[in-house]
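Each protein sequence line maps, in turn, to chains Z and X.
One rule links them: number in this note's numbering = place in the first sequence (from 1) + 23.
One rule links them: number in this note's numbering = place in the second sequence (from 1) + 23.
Treat each hint with caution, since some may be false.
Heads up, the list lumps identical chains together, so a pair's fine if it works in one copy or across two of them.
[Claimed, not checked] Derived pair list, reagent style DSS-like, types lysine-lysine, alpha-carbon separation capped at 25 Å:
no., residue 1, residue 2
1, Lys163, Lys59
2, Lys57, Lys163
3, Lys57, Lys241
4, Lys201, Lys150
5, Lys339, Lys275
6, Lys245, Lys33
7, Lys341, Lys241
8, Lys33, Lys330
9, Lys339, Lys26
10, Lys168, Lys57
11, Lys57, Lys236
12, Lys200, Lys275
No wet-lab data here; the hints were simulated from the structure.
There are 2 protein chains.
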Amino acid sequence: MKKDEITLIKYIRERFPLSETIGVGIGDDAAVLKLKENTILTTDLMIEDIHFDLSYTSFYHLGFKIVSVNVSDIYAMGGDFKGFLFSLGIPQTISDDEFSELFDGIKDALNYYDGFLIGGDLSRSQKIILSGFAVGETEKPILRKGAQPGDFIFITSFLGLSSAGLNLLKNLSEDSKKIIRSIRNFKKSPDKILNIEGVNEVLERHLMPVARKPDKFKHLAKAMMDISDGLLIDLYRLCEENNIGAEIYIEKIPIHPTLISVANYLNTDIMRFILSGGEDYELIIVSDKLEAQNFNLIPIGKITDQKGIYLIDPHKGKIPAKPEGWQHF
Amino acid sequence: MKKDEITLIKYIRERFPLSETIGVGIGDDAAVLKLKENTILTTDLMIEDIHFDLSYTSFYHLGFKIVSVNVSDIYAMGGDFKGFLFSLGIPQTISDDEFSELFDGIKDALNYYDGFLIGGDLSRSQKIILSGFAVGETEKPILRKGAQPGDFIFITSFLGLSSAGLNLLKNLSEDSKKIIRSIRNFKKSPDKILNIEGVNEVLERHLMPVARKPDKFKHLAKAMMDISDGLLIDLYRLCEENNIGAEIYIEKIPIHPTLISVANYLNTDIMRFILSGGEDYELIIVSDKLEAQNFNLIPIGKITDQKGIYLIDPHKGKIPAKPEGWQHF
Chain Z
24 MKKDEITLIK
34 YIRERFPLSE
44 TIGVGIGDDA
54 AVLKLKENTI
64 LTTDLMIEDI
74 HFDLSYTSFY
84 HLGFKIVSVN
94 VSDIYAMGGD
104 FKGFLFSLGI
114 PQTISDDEFS
124 ELFDGIKDAL
134 NYYDGFLIGG
144 DLSRSQKIIL
154 SGFAVGETEK
164 PILRKGAQPG
174 DFIFITSFLG
184 LSSAGLNLLK
194 NLSEDSKKII
204 RSIRNFKKSP
214 DKILNIEGVN
224 EVLERHLMPV
234 ARKPDKFKHL
244 AKAMMDISDG
254 LLIDLYRLCE
264 ENNIGAEIYI
274 EKIPIHPTLI
284 SVANYLNTDI
294 MRFILSGGED
304 YELIIVSDKL
314 EAQNFNLIPI
324 GKITDQKGIY
334 LIDPHKGKIP
344 AKPEGWQHF
Chain X
24 MKKDEITLIK
34 YIRERFPLSE
44 TIGVGIGDDA
54 AVLKLKENTI
64 LTTDLMIEDI
74 HFDLSYTSFY
84 HLGFKIVSVN
94 VSDIYAMGGD
104 FKGFLFSLGI
114 PQTISDDEFS
124 ELFDGIKDAL
134 NYYDGFLIGG
144 DLSRSQKIIL
154 SGFAVGETEK
164 PILRKGAQPG
174 DFIFITSFLG
184 LSSAGLNLLK
194 NLSEDSKKII
204 RSIRNFKKSP
214 DKILNIEGVN
224 EVLERHLMPV
234 ARKPDKFKHL
244 AKAMMDISDG
254 LLIDLYRLCE
264 ENNIGAEIYI
274 EKIPIHPTLI
284 SVANYLNTDI
294 MRFILSGGED
304 YELIIVSDKL
314 EAQNFNLIPI
324 GKITDQKGIY
334 LIDPHKGKIP
344 AKPEGWQHF
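Next comes chain Z alone, as it looks inside the complex:
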């Protein structure tokens, strides 16, 4: 890419206009937003070869995902997403098409979540670096803290899909990887990779995850967090925050049918995907109200006095669980 910084910022700014009633966006020293009582702030970093692999990930996917992973943290606090700042490190070898694809992905995600790109920074770097920063607002934040013994633990949907998708992607042929890179809408694309039915859903969940908005049930939540690193490790973190423990009823955890096919194909333990696979961006909700089930929340366990996470298996009984998951070191 031969464009200079001023040209690139001009391009980004023109693609992401901000109405003056909302605030000040790209192009000043900093952005300005008018927000409700509580400002919610979060940041997530994605680095080439650590968090993603360009052999099967397109720049469009990256743009979409860096928004989703940040928005997920805003939603996990019970907040409304408002604005996104985006710092980008890229090699000069990136093409103009790749650059605009990246911003296509950001734009589509921002449209989906109804938020605005309001700022960022741009730099050369050897590897691609995406650093996202999301801002939201809420009248009442829902923290990890607040869970008590006896409370029910709910999740929003199937787990392990992203992790299954990642493991499949790593094992694809170069030709299949190329096809995957070209897909922007997995729901509308032929679902034929490896002859696994429903495979697009697991690939999409890894490449273009969507954050879950808890609006309909957040009034029931005493504590909440998103599952970014894996159910066990994230639940462990929530429990540590409250100085409590949890029991998970293995048979209560729903298993997505495609996960069975993927686990068979890869000859892997399906529970590893479900319990320790990261990046699903589903939510863990702790509530003392079983009526949460009316909002499609799935009860999978209970908060206990006893510290530690235990799996309750109908055959094997109570097993202490290791809080494994995606650790960044």
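Chain Z is fixed; fit chain X onto it per the hints.
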């Protein structure tokens, strides 16, 4: 470093506690702050071998600087700095001492600016990546937009020091670089490198710049920005924002005495440091009130109808200036 992520986050969280009256800090999905009407948001990225060189930069310097460069953008909007989020990519080869040095620098800078570390992200990476996000608040933001023909252009202090410091640092012996890396307080350290009097001030300005708070004079500003990439390029950006131009009176720009010694030593044009050297983090203030001088602001030019930046030299007359400076591509 052999510590896992949970241990590292615990270490950071314990060093940077946040009182609950302020909000929610490190350890939840996102941070929560209660802010005034206008939330100010900014981000700046620093990447190893692009923005800094570890041969003469310590981890302490890096920590201090990543806070300063972000706070500078908040101040340049007329805002009060409140919170800092910090995403870090580091190789596993980093030592525990280097890791805590980095956070010493962040802590000292946050104490200086009276703000809190409220969140972040942590990842492995080949090169060191520092991605800072600063949050502030203000009742009335001061934008780049607002300058009009006839307005005066002021700067807050000497320019070119950081750039002179950078050029010196690149030319030091390995032994001198090592000494520089060990300095945390340049004001209290012997000022003897290369026998240039006052050299510590230019080195400090590059390694540990301090953001200028415009509190005393911001009521006079119609437009404001910080000088991060160089006077000419940043003034050009401000002018473009207003569809106007500017004249700079060369003889009005103050020259720091140490700059003369450094330019002599390096056999460089002193005006290059002053006009196009970046990272001084002084402010450009546009005001129609000459009384701004009473606040130690230095008038260096005027806003004009005619677009473009012109230098007015007492000997050579009016010269069109190229808006050169630090461009990131």
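A quick look at each hint next to the structure:
1. Within a single copy, Lys163 and Lys59 get their C-alpha atoms as close as 10 Å, and across copies as close as 17 Å, so both meet the 25 Å cut-off.
2. Taking the closest pair of Cα atoms, Lys57 and Lys163 come within 25 Å of each other both inside a single copy (17 Å) and across two copies (11 Å).
3. When the C-alpha separation of Lys57 and Lys241 is checked against a cutoff of 25 Å, the pair qualifies both within a copy, at 24 Å, and between copies, at 21 Å.
4. Proximity of Lys201 and Lys150 under a CA criterion of 25 Å is satisfied intra-copy only: 20 Å inside one chain copy versus 28 Å between copies.
5. In this assembly of identical chains, the alpha carbons of Lys339 and Lys275 lie at most 25 Å apart only when taken from the same copy (15 Å versus 83 Å across copies).
6. In this assembly of identical chains, Lys245 and Lys33 lie within 25 Å of each other by CA distance solely across copies; the values are 23 Å between and 45 Å within a copy.
7. Taking CA atoms no more than 25 Å apart as the test, Lys341 paired with Lys241 passes in neither setting, with 30 Å inside one copy and 65 Å between copies.
8. Proximity of Lys33 and Lys330 under a CA criterion of 25 Å is satisfied inter-copy only: 18 Å between copies versus 53 Å inside one chain copy.
9. For the identical chains of this complex, Lys339 and Lys26 are neighbours neither inside a copy (62 Å) nor across copies (33 Å), given an alpha-carbon limit of 25 Å.
10. Taking the shortest alpha-carbon separations for Lys168 and Lys57, only the inter-copy value of 19 Å comes in at or below 25 Å, while the best intra-copy value is 27 Å.
11. Taking identical chains as interchangeable, the C-alpha atoms of Lys57 and Lys236 lie at most 25 Å apart whether they share a chain (22 Å) or sit on different chains (22 Å).
12. Taking the shortest alpha-carbon separations for Lys200 and Lys275, neither the intra-copy value of 35 Å nor the inter-copy value of 61 Å comes in at or below 25 Å.
In terms of the numbered hints stated before, the structure departs from hints 7, 9 and 12, listed from lowest to highest.
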